[in-house]
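Novice: Protein chains in written order, with numbering that gives the first Met the number 0: chain A, 0 to 252; chain B, 0 to 459.
Derived DSBU-like pairs: lysine-lysine, alpha-carbon spacing no greater than 35 Å straight-line:
1) K152/B - K142/B
2) K91/B - K152/B
3) K91/B - K131/B
4) K217/B - K179/A
5) K394/B - K277/B
6) K459/B - K277/B
7) K229/A - K179/A
8) K229/A - K189/B
9) K229/A - K277/B
10) K91/B - K432/B
11) K432/B - K459/B
12) K189/B - K432/B
13) K459/B - K142/B
14) K375/B - K146/A
15) K427/B - K146/A
16) K179/A - K106/A
17) K432/B - K229/A
18) K217/B - K427/B
19) K131/B - K217/B
20) K217/B - K229/A
21) K229/A - K375/B
22) K427/B - K142/A
23) K432/B - K375/B
24) K229/A - K427/B
25) K91/B - K142/B
Since the hints were made in silico from the structure, they are not lab data.
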Amino acid sequence: MKARPTIRQALALASTLAILAAVTGCHKNKSGVNPASLGPAPAAPAAAPTAAITADPLAIDLGQSVVLNWRTQNATVVTIDGIGEVPANGTQTVAPSSSTNFHLTAKGDGGSTEANVRVTVRVPVAPTAPAPETDMTSEALFKQNVKDAFFDFDSYELRPDAAAATAGAATFLLAHPTLKIVIGGYADERGSAEYNLALGENRANAARTALVNAGVPANRLRVISFGKEKQFCTESNEECWQQNRRAQFSIDR
Amino acid sequence: MLRSTRTPIAHSARQLRQWIAALALLLVTTSGLHAQDWFKTETSSGASNIRIAVADFKPSLADAQTAALKSTFDATLYSDLANAGIFDIVSKSLQPQTTPGTPNEISLPQWSNAPTSAAMVAFGALGVQGGKVTVNGYLFDAKNTQYPQVLAKQYSEDPSEESARQIAHRFADEIIFRLGGGVPGIAETKIFYVKLGGGTKEIWAMDYDGANQHPITKLGTVSISPRISPDNTRVAFSSLGNDGFQIRMFSLLLGRMVNFPSSGGGTNLSPAWAPSGKELAYSSSRTGDPEIWISDVNGGLSRRITSFRGPDVSPVYNPRSGSQIAWISARSTGLPQLYIMDTDGSAITRMTDGGYASSPSWSPNGQFLTFAWDRKYGPGAPGGRDIYVMEIATKRWIQLTHDIGPCDFPSWSPDGRHIVFANAADGKDAHMKIWTMLADGTQRRALTGPGADMPNWSWK
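Kindly produce the complete structure, drawing on both the sequences and the hints.
Specialist: Below is the structure:
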């Protein structure tokens, strides 16, 4: 049979809680304790959090990394956009693919505060294309500005040219905030079909991660792996295989 | 350390047990040898398969249909026994001219004496009467003149080419079961595969001998990796839709697609049935990285069992225990390797020591893995992707295919004596054919024409 708490037990429990509340309350709080309160004692007005973030160096070439260093006080939850929740104090090495504002938010009992540092990434700029025609469709504009990312053999790491391509795609997407895209992952004809689908998935996700890190909202990006089931080029030579090892950006309709 | 144990061998098999025993023995006794691509043992000259003669059946009635059905039946029975891998089959040119239809009509010395020299004789009669094709089949021990009868079977079906073939398969399986150490024959099993056509890939099925090739799906997209359920009722596969590749399910009982919800997102591919038929393992990238997941057969109760960055694909259950999974992973190394683990994700063991491994299939007795392996994979490397068999306990392997171009997707037959796989000399999808061979690499022959890929042998 299940024992139902008796009135006596309930009273004992309540009084224990009240005593506990009084004891813990006395440490922090000189004012009287409300004996009716069985929950945690109310805390004193907490100090407002402070936060500072620095980056070293402040400007890098594409592919290099910077060390972020942050200090906060009186904060319970510290987050950095694009990185997520982080310890109250810490350092992290990041390699942004484009110039990035690292935005730190520190939330504490006494409110929240923010700190920013901007890391400038010097991206090698291709010769600018002639100014787009005014009657150019968005598709043509997209094709002109967004280039696919290509990968090394059996690799899904973004190499510098692929990082530049994703940075370019990120810039275009940030300038066209309503555009949604599909990132297609592809592999060359060598290797096995099932493994290549997984490899294509990793390639597309590497490009997606770079776009998210550059500030493109994840809900505008969709990933589909085609592995070697769809090919751009069907010759059996390295030039052709390179064409097929890619993350393709296309407009999601 | 594996270097000293690489011992590729090739020898012909008589029975599954003998094959395994011989393999284990040879692997032990030759463990001091260095790696060799070709290694011929002399067991093929010592192990004698049962010599069996298959008489053309006697037309029992002069029905118009009989001749055509008998021709199909005779060819199928001969082919089934010749391909079983346990017989030394007597060439038809060495047989007596007679076609005994009943036990009274056979003269056994005719069959047991040279040049026929048969130990066993299969014979009987076939005829169409009253809208039924009736077959009486016998198996006689040619050396046992007093009590020669080993088997006597009667079959009656609606007359058609298909039923003549199926009766021959069933009679062959009876003979193989009786003479093959009690291991059921595979003449009634099916092979599911991918058929290319006009930019699409559909799931097809055929009999184990390549006959009766027919489509299962008509989805008009790219469908790959068919896996038949252990009870032959459903085919799980992966199909390209608007949301990428997802696991799909076709019911062979209902003759249509059935729901397999892909709730988790990401790419989902390479399904594998647990031998219980109650769970599926597959690769899912719902976390952003392809990992091995297990769900129930309705796609529910999903749980992840691997967690390493990089591709994890192509799981296959140990069909004997159901408690282990072999799969392909590129964790820690750049190139995909063969691993095994328990179904809870523990006890991870790497099986291959390099190269590029793909597409494992687990032997029915649980002791061996077959898989495709390119041991010298890399840009500019002259390696070839061939079919290998590895003994799990020792990680020793033998190479089954040589110099025929890229091979992939080996799948073990339920009797463990055969392996079906895909191959094309130039490795191009459009030229891929499905081939079968004995599990020691001998008796290789094509089952399909070009444009057939990813075979999966039924469980029974």
